[in-house]
Amino acid sequence: MGNVKTIEKATVLFAGDSGDGIQLAGMQFSMTTAIKGNDLSTFPDFPAEIRAPAGTVSGVSGFKINFGSTEIYTPGGQVDTLVVMNAAALKKNLSALKPGGLIIANTNGFDKRNLELANIPPDKNPLTDGSLSNYKLIEVECTKLTREALKHLGLSTRDMDRSRNMFMLGLVYWLYTRDLEPTIKFFQQKFSQQPTVQEANITALRAGYHFGETIEATAERFVVEKAQLPAGTYRSITGNEAIAIGLVTAAKKAGLKLFYGSYPITPASDILHLLSSYKAYDVYTFQAEDEIAAIGSAIGASYGGNLAATGTSGPGMALKTEAIGLAVMLEIPLVIIDVQRGGPSTGLPTKTEQADLFQAIHGRNGEAPLPVLAASTPADCFDVTFEACRIAIEHMTPVILLSDGYIANGAEPWLYPSAEQLPKITVKHPTPEGEVFMPYKRDEDFVRGWATPGTPGMMHRIGGLEKEDITGAVSYDPENHQKMVNIRLQKILNIANYLPDAILDEGEKTGDLLIIGWGSTYGAIKVAVQDLRKKGHRVSQMHLKYLFPLQKNVRDLVKGFSNILIPELNMGQLAFYLKAELGIKPFELHKVKGQPFLAKEIEDEAIKILTKNLVETSL
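If you use numbering that gives the first Met the number 0, the sequence shown corresponds to residues 0 to 618, in order.
Hints are not guaranteed to be accurate.
Said to hold, decoys possible - Just the calculated beta-carbon pair ranges, DEER-fashion:
id : residue 1 : residue 2 : range
1  : D500      : Q77       : 29 to 39 Å
2  : D504      : E288      : 34 to 44 Å
3  : K592      : Q489      : 35 to 45 Å
Quick caveat, the hints were computed from the structure, so don't treat them as lab data. Built from N, CA and C at the ideal position, the CB exists for glycine as well.
With the sequences and hints as input, model every part of the structure.
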């Protein structure tokens with residue numbers, strides 16, 4: 000095998016034009032790596048335009064994957080191998096490469112035209128001017144070699160060039176001793192009705208791998224052994240895929256049909272696309288004409304006795320607000336998924352952010368409390384989605400589930416759970432009592448029954464007007480309104496009685512610093528805390544899944560620490576909320592660049608606090 004080195008982990012970044020198939024190459028590398036048994040974390044990063052300006056820095060698409068034989072929590076910091084299809088991709092991403100790292104460059108993407116588009120002077124070609132002397136460089140005439148490999152197929156030059164990504168992927172497979180077979184099977188299935196396209200991609204993939212064999216004498220190869228993960232069956236899964244599967248699983252567990260009404264919006268659209276392929280599992284999908292119609296259809300489906308959900312992103316949440324209030328008034332189960340993105344307004348559609356927390360907890364007219372949960376990783380999206388469905392059904396309430404673009408599109412290994420491992424979901428249908436049905440009669444937790452249309456003896460009215468306690472009749476009585484507001488709030492607060500205790504994800508219950516996070520900051524915080532603890536610092540991590548209501552023991556856990564740091568991909572929304580709820584005075588770390596935190600950013604901030612070099616942030 001030549002010069003082969005065993006390493007613990009590696010980070011690879013594929014980069015090129017939006018039309019170069021970078022995301023497909025990255026996803027195939029991720030799938031193959033998961034099948035090989037490595038732990039992994041990915042970060043797809045691409046422009047908002049459908050076809051961004053070719054050859055320009057603003058049009059660069061990237062896919063980063065960190066994989067290893069140990070547990071992986073983030074897509075990594077600096078990369079070991081940078082694969083670039085053109086000059087713009089190198090210009091944008093060179094700063095992300097480790098000193099001494101490897102660059103695999105398509106030399107055909109560094110001609111005069113590509114240099115000009117990347118705003119690089121023609122006499123400053125980085126492949127020839129010596130500026131890359133601190134890195135290892137493999138130059139590949141990828142475009143030329145791909146065309147040569149595919150010339151027998153009779154394809155146009157344009158069509159042959161579409162397989163350049165597979166040539167480069169094949170070379171990276173060779174470099175990291177990956178198997179070609181999973182990707183070959185993928186193309187055989189995907190293009191079973193298009194044999195020429197299938198053959199072109201597979202041929203280019205093999206050609207790239209064989210090109211690696213021609214440079215074996217000079218290039219170093221790497222082996223990353225299997226990770227020691229819990230026994231079971233794994234697959235690589237994105238956050239959106241996990242949400243879709245979580246919804247289907249919860250519906251099956253509850254013995255209900257699933258209805259998903261949605262309007263396409265980045266980065267939540269994949270959930271609708273995925274669920275539309277699950278018709279055989281009693282899944283019904285509806286692509287509505289707008290956001291309001293989408294949630295309206297879901298409310299109707301819930302009233303009809305189905306597990307109903309709708310998904311969107313920040314701008315769509317704003318449009319759904321009035322209907323969410325209606326669901327609160329109706330007290331019916333509904334799951335609202337907000338895959339957050341950069342805002343406000345249209346903002347940064349393909350970039351990540353977690354700035355919808357205030358909107359989720361407080362963003363409705365009147366007193367309209369509802370539970371809010373947040374997923375922390377792609378695989379965790381399954382568990383949190385299932386839990387959101389359980390709470391919605393058992394407590395008869397709409398629930399907001401927060402995800403974001405980073406974990407929605409990112410991937411990691413997911414261990415298939417068994418049905419027996421999942422908690423029971425109890426559907427509470429009322430039984431007739433006497434001649435008149437009382438739709439707002441409640442149990443000890445103020446939860447009303449789920450009476451569905453067509454049930455004999457249970458006819459009742461619904462709507463957005465205030466309800467009379469117990470009877471459900473329209474009421475304008477001030478005392479009744481006060482009572483109903485109190486009841487709706489207490490019903491949500493009572494959910495805390497059924498939540499598991501909050502835990503510390505890392506560290507002891509006392510120390511010098513507690514880092515609190517929520518959502519997709521989990522991995523970066525975990526790595527930062529692990530590194531800090533290795534250096535002897537008394538640091539712990541607590542990550543909140545239940546944002547409203549909070550778990551009962553959160554207040555006690557924070558008391559054991561001298562300092563608290565809350566890193567967020569917003570301007571301090573969780574910090575503001577916890578100040579009000581817990582009376583704490585945390586340090587804050589904000590990032591709103593459309594990019595996730597690097598572990599080092601959090602670690603550096605923690606060091607400042609621990610060495611008393613930071614003045615407390617106050618609002």
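* Compare the structure with the hints numbered earlier in the document and write down the numbers of the violated ones, lowest to highest. => none
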